[in-house]
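Participant: As a plain string of letters, each chain reads:
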Amino acid sequence: MAKKILCIDDEPEVVEYLRDILQDAGYATCEAYDGKQGFEVARREQPDLITLDLDMSKEWGTRFYRNLRRNPDLKEVPIVVVSALSGNKYAVKDAVATIDKPFTPQQILDVLKRILGE
Amino acid sequence: MAQDVEADKLLLADDEQSIRRVLGLSLQDRGYEVLTAEDGHSAYEAYRAHNPDIVLADIKMPGLDGVELLKRIKEESPDTEVIMITGHGDMELAIQSLKHEACDFVTKPIKEDVLDIALKRAEEKLSMRRQLRSYTESLEQMVREQSAKLVEAEKLAAAGQVLDRLSTALNGIADDLDSGDSPFFQEIPCLISLHDSSLRVVRANQLFKERFGDRLGEASWSIYGKGAAGDTDCPARRCFRTGQPEKSQEFATDARGEIVPLLVHTVPIQDTEGRVDMVMEVGVDLTRVQNLQQELFFTQRRYQQLFDEVPCYITVQDRDLRIQAMNRQFKQEFGDEPGEPCYSIYKHRSDICPECPVLKTFEDGESHQYETVVTAKSGEQQNVLIWTAPLRDSEGEVAQVMEMSTNITEIRQLQDHLTNLGMLLSSVSHNIKNLFTALDGAMYKVSSGLAKKDESRVEQGWHRVSHLVGRIKGMVVDILDYAKQRELERIPVPARNLHDRLVEMIEPRAVGYGIRLDHQPPEEGLELFADTEQVLNALHNLLDNAVEACLADPNKEGGSHVIRLYFRVESEEWALCVIEDNGVGMDRETREKMFTLFFSTKGNRGTGLGMFIAGQTVSRHGGAIEVESEPGQGSRITVWLPRVGGSVGQ
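Chains A and B supply the protein sequences, listed in that same order.
To convert, note that position 6 of the first sequence is 6 in my numbering; the numbers rise steadily by one, no gaps.
To convert, note that position 229 of the second sequence is 229 in my numbering; the numbers rise steadily by one, no gaps.
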């Protein structure tokens, strides 16, 4: 079964870009446009990995990350930070990878392959 | 035995009458003038009355005893010699009396030879003392006499020297005046002339000759131009008459016939016999003094002008920080009440400012700098940079401090502008990265669509690309416009052109989000007087905002959002461009702040610049933007733009 990835970003264009890349590469995707929605979707869909934008207008990505880590079912889900903020490395302590915007499809796919395997 | 020609007085005090009688006779035989007393008190009185040279006193007497008498006498006159007469067993008293400087003592019954020795001793002491006194007195007198002689000699020598030198100097003056190379008299900027007792000019310095011609041999009054009237009064004559230095103000006629006001000092020069031999006349040309005074006046005026006109606020303050002087700039901005303390006028404070640079300068005499905010009398706040400088009196003490303040409010505002620009760039860099990511996504859609031969995917992607390029372009223009306010290049523009280009720019995006664009072309021939690119950018920003307002509105079904764009003629001067949407609407705060810098409701989607620049652009065209909006009710934005031919358009 295809691995499922949750993409969280408040820019619909960026979410769509990630969806296109990931679906074309054979992953299943689900989406959210802010942290609160992201938490609901994560509980429902139980994704294998989450890509997380930090600077979102409704809720700071770091807050979502804290909530996620407090939830027993979700605390192990690996998080990849995808952000335009220069300090993004420090915002999420145990992120498995950080990717700066703008990024290429290959950058995303390389990271996912390394974390999730073939 | 008295050796002196004059008999010494001797006082014999004993309560035994027999002793007084026998001893008294014996002492008279020895040549003394003998006084007697029968007890201590009468002895003391006799001593006070007759002041004897020697006192012979019984050690035991009623009333005042011998030792007590001895003490009193020695206290009053240490030179009086006292010999004590003691009985058997009075040894202790005898010794005690020696301690009180008794000369000697003789024991009863009195033996002649013992008495002789004691008297001799007393005589010797007296004689020695007399000799010493006489010697001391003569020595003092000798010193007085000698030093008086010495001083007199010195005085004479000094006076002689002074006289010598003075006469040498005065005699030299005549030569000095005449010889061209004398440095002193030729360089003094005064008119110097020498006059002899027949009131003739005998010498004059170069300056005198230049101004009055060669007057040697002429009458002393000749330069004063009075000869014709028979008036021969002149400063030299007056000085000869009084023999004293004189000072007067005169009018002389110079070689060119011009009247010259002079201040004249005359000095009598005496010969060795003390007679006035010559008179030196020193004249100061008052026109020159007046010129100098005028020059001084102008210099002072120039400084005053500089003081008043420099683009700084200048005050001079005393140690209590009270303003003693102020320049015009200061008066204009802060009022003109001298004597008020600096902190009250500048800062409206009742006590001294901490870090006062003026006080520091009073303390260390150095110049200090300080930046602060002061309040002008208009209430305006000004950032000022302050320099202080010590003003020293003739002793070098800092008597006052000058404080110069420069208004740097504009510089600080520019700095704020630059800081804002820096903040803008960092916020914009974040937005641009997001936009580029979205652009990458759109291009990925196009290329993957092409690879899959999925035509609708390509079309969707391309639509996205063109929209994003438009947004990036708008953002870059915004930044450029903010960083550097471009000059307006106003030309007549058909409103129709603006309308068409706006539709072209916004329609694909609106339609892409399912928003209907309802637009009416303006009437034919309506022309605006505007900078096309800037007005287009402003209107595009407003339309873009309308699209965002629709997207942010969750309460309507997809496809029911409408944006209306139309132009209307308001008057001969004005055309209106109206943009309406039925989106989320705005509350009062948003309405009021929407055209201020860095105000954005779009989170990281907006730079906070677009609306600000739209507002700026319209107002630079002389126009205005009206906003009607309520939350949930949509918005109507009315932009006033100048028409060609109207007075605003010219």
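Treat the hints with care, as some may be off.
Here are a few chain A residues that face chain B, going by a calculated C-beta distance under 10 Å [as the list claims (entries may be wrong)]:
# : residue
1 : 9
2 : 17
3 : 85
Covered stretches of chain A (in silico footprint by chain B; criterion: 3 or more residues with CB under 8 Å from a CB of chain B, positions within the stretch not fixed) [claimed, not checked]:
# : stretch
4 : 35–45
5 : 94–104
It should be emphasised that the hints constitute simulated quantities derived from the structure, not laboratory data.
Nothing here was measured: the structure is a model prediction, and the numbers come from that model.
The C-beta atom is built at its ideal place from N, Cα and C for all residues, glycine as well.
Participant: Give a verdict on every hint.
Facilitator: Right, here's what the structure says about each hint:
1. 9: holds, 9 Å
2. 17: Holds: closest Cβ of chain B sits about 2 Å from residue 17(A), inside 10 Å.
3. 85: Check passed: Cβ of residue 85(A) comes within 7 Å of chain B, closer than 10 Å.
4. 35–45: As far as the stretch 35–45 of chain A goes, the hint is violated, because 0 residues have Cβ atoms under 8 Å from chain B.
5. 94–104: It holds, with 5 qualifying residues against the three required.
Checked against the numbered hints given earlier, this structure breaks only hint 4.
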